[in-house]
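**Q** Here's the letter readout for the chains.
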Amino acid sequence: MNHIELHYSLRKGDFKLEVDTRIPAAGITGVFGESGSGKTTLLRCIAGLEASTDGDLRPVHKRRIGYVFQESQLFPHLTVQKNLEYGRRRNPDTHRSIAEFASMLEVDRLLDRSVSDLSGGEAQRVCIARVLCQEPQLILMDEPLSALDARRRSNMLPYLDRLHAETSVPIIYVSHNIDEICRLSDHLVLLDNGKIVVEGGLQETLVRIDLPQLSGQNAGAVLEAKQSRYDAEFDLSLFEFSGGELWVPGRQGMATARLRISAGDISLSRAPAESSTILNILPAVIEGMAAETASTQLVRVRLGASFLVARITRRSLYELKLQVGDNVFAQIKSVTVRY
Amino acid sequence: MDIGPLWLSLQLAFVTTVLLILLGAPLAWWLSQSRSRWQPVVQAIVAMPIVLPPTVLGFYLLIVLGPEGAIGSWWVRLTGDTLTFSFTGLVIASCIYSLPFAVQPMQNAFESLSRSKLEAAWTLGASKLDAFFSVTVPLSLRGFVSAIVLAFAHTLGEFGVVLMIGGNIPGESRVVSIAIYEHVETLNFAAAHRLSLALILFAFVILFGMFLVNRRWQSR
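Protein sequences, first through last, are from chains A and B.
Using our numbering, read the first sequence as starting at 532 and increasing by one per residue.
Using our numbering, read the second sequence as starting at 1477 and increasing by one per residue.
Because the hints were derived from the structure by calculation, they are not lab data.
All C-beta atoms in this analysis are idealised placements derived from N, C-alpha and C, irrespective of residue type, glycine included.
Among the clues, some could well be false.
[Unchecked claim] Here are the simulated EDC-like pairs of lysine to aspartate or glutamate, each with C-alpha atoms no more than 16 Å apart in a straight line:
id: 1; chain 1: A; residue 1: K852; chain 2: A; residue 2: E818
id: 2; chain 1: A; residue 1: K864; chain 2: A; residue 2: E805
id: 3; chain 1: A; residue 1: K593; chain 2: B; residue 2: E1544
id: 4; chain 1: A; residue 1: K613; chain 2: A; residue 2: D648
id: 5; chain 1: B; residue 1: K1593; chain 2: A; residue 2: E602
id: 6; chain 1: A; residue 1: K864; chain 2: A; residue 2: D796
id: 7; chain 1: A; residue 1: K593; chain 2: A; residue 2: E581
id: 8; chain 1: A; residue 1: K726; chain 2: A; residue 2: D551
id: 9; chain 1: B; residue 1: K1604; chain 2: A; residue 2: E805
id: 10; chain 1: A; residue 1: K864; chain 2: A; residue 2: E730
id: 11; chain 1: A; residue 1: K593; chain 2: B; residue 2: D1606
id: 12; chain 1: A; residue 1: K593; chain 2: A; residue 2: D624
[Stated by the list, open to error] Which chain A residues face chain B? A few, computed with CB under 7 Å, are given here:
id: 13; residue: L580
id: 14; residue: H608
id: 15; residue: T610
id: 16; residue: Y617
[Claimed, not checked] Cβ-to-Cβ under 10 Å is the rule here; a few derived chain B residues that face chain A:
id: 17; residue: Q1487
id: 18; residue: K1593
id: 19; residue: E1595
id: 20; residue: D1606
id: 21; residue: A1607
id: 22; residue: V1611
id: 23; residue: L1617
Chain A extracted, bound-state conformation (with noise of 0.2 Å):
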């Protein structure tokens, strides 16, 4: 497989900015972090941007590289459809037409618009397609739903997957929202301090209990599921992933779906619980442990080829002395399941 290479080093007051690595040519990757962590930064130098030391001398418009900042960006003066002609005119050898970008945003009812009469929303949309139209060789995306509120972040996620699957184009998205960076990316950077703290495919990842910027909110799991069966009587669907299967409710007709399961979610027995709520109750193997705070504990454990991060207190870990290696029941709440 193709890697972007990405070496950059910049010094900007006390912070200090050092990656060295190289990403997969393909899909998205999560670039994850807190605010002040670089991932901005980065993405800058990426760009062009900023002044680094990468040696890449070409400038900025010769990078074809789509840029989607935080803010929209349009420009007020022109209308949506010359916005999205814009970078279009300055780049050569594009293959597909604007109305193929326009209808996978669903923004071509709104080429005649002004910019100024666009939602937030929309206006977003309008420049992930003017970015689409310029057939750019690699993506940068600086937190392009932070400007929405929740609703609208909402219903911009499934133009995102669309994105994803129609086009080629690596992407790196960056964001503070560990939500976002587990509906969509396949690869993942963790960033903190201007330093990659770990890499590699999301799903082996994000299982680390290791590290501090994976605990609390951000400690789950991911799962790759294929839909098996639909229990029209309770609007329930059976996915199966390499290692088990999960009940979660609705879902009617989905094919595929990626599952996240927050570590807080999954509660783990020495033995099946019976005439409990739980519809989801998995044999698992201990994998690791490690202490998360001064009474809580991630185990992380295998079921089959995958892996899930659970939360328990240390009290409970103690009482029930279970060690690496021990068989265990994961049991997960099907409506906490979350996409």
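Based on the hints, put chain B in the right spot on chain A.
**A** Same frame as chain A, but now just chain B:
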């Protein structure tokens, strides 16, 4: 009515404004973007004509542009004419005198433009020059209109500098403000009224026009 001086003033204001926009826009852009330690120095020099009495400016221009002066002597060798007491000399003097009135509105407009808009243009494949003309200029139109109106109006109303370096040569340097002054000196109040009222009316119409346009744009 004594149309000659009025016509000459309009010509002078027009030529000066065109030159000031062409030369002032790059200067205003540099002033708005530069983080050089020379930026405040240049900024102060550009603003000087606002505070200096026109006589001071006129006095030094007379010396520099005069046949013995640094620029004046060179001009005489090049063309055989003197710069002082000529239309060309007035244009040079007006450009300096009205410089801040053209540069400052453009600079303000450039400064209020968010840098991210430009960065967006660059990442979309626009070179810096391309982005200047396709994004900066259209988004700074109000600044340009203000610069044009103020430079034009200010040149039209110029008196002291002209008096110092232009004198009162009909068709060459007898602009409307000088003509009014002369009419008053010779107690020809009727002629002074006619020119003065024409100027007042003109000034009002063009300033009113500018504020009207500005308000339209604001409400858009």
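**Q** Hint by hint, say whether it matches the structure.
**A** Now the hints, each set against the structure:
1. A:K852 x A:E818: Measuring from Cα to Cα gives roughly 15 Å; hence the hint holds.
2. A:K864 x A:E805: holds (14 Å)
3. A:K593 x B:E1544: violated (52 Å)
4. A:K613 x A:D648: holds (15 Å)
5. B:K1593 x A:E602: Roughly 10 Å between the alpha carbons, so the hint for K1593 of chain B and E602 of chain A holds.
6. A:K864 x A:D796: The given pair, whose Cα atoms are some 7 Å apart, holds under the 16 Å limit.
7. A:K593 x A:E581: Since the Cα atoms of K593 of chain A and E581 of chain A sit roughly 15 Å apart, the hinted pair holds (cutoff 16 Å).
8. A:K726 x A:D551: holds (9 Å)
9. B:K1604 x A:E805: violated (69 Å)
10. A:K864 x A:E730: violated (29 Å)
11. A:K593 x B:D1606: holds (13 Å)
12. A:K593 x A:D624: holds (13 Å)
13. L580: For L580 of chain A, the interface hint holds, since the closest Cβ of chain B sits about 6 Å away, which is under 7 Å.
14. H608: holds (4 Å)
15. T610: Check failed: Cβ of T610 of chain A comes no nearer than 13 Å to chain B, outside 7 Å.
16. Y617: For Y617 of chain A, the interface hint holds, since the closest Cβ of chain B sits about 6 Å away, which is under 7 Å.
17. Q1487: At 33 Å from the nearest chain A Cβ, Q1487 of chain B fails the 10 Å test, so the hint is violated.
18. K1593: holds (6 Å)
19. E1595: holds (6 Å)
20. D1606: This interface hint holds because 7 Å falls under the 10 Å limit.
21. A1607: Since chain A brings a Cβ to about 8 Å from A1607 of chain B, closer than 10 Å, the hint holds.
22. V1611: holds (6 Å)
23. L1617: holds (8 Å)
Hint violations for this structure: numbers 3, 9, 10, 15 and 17, all remaining hints satisfied.
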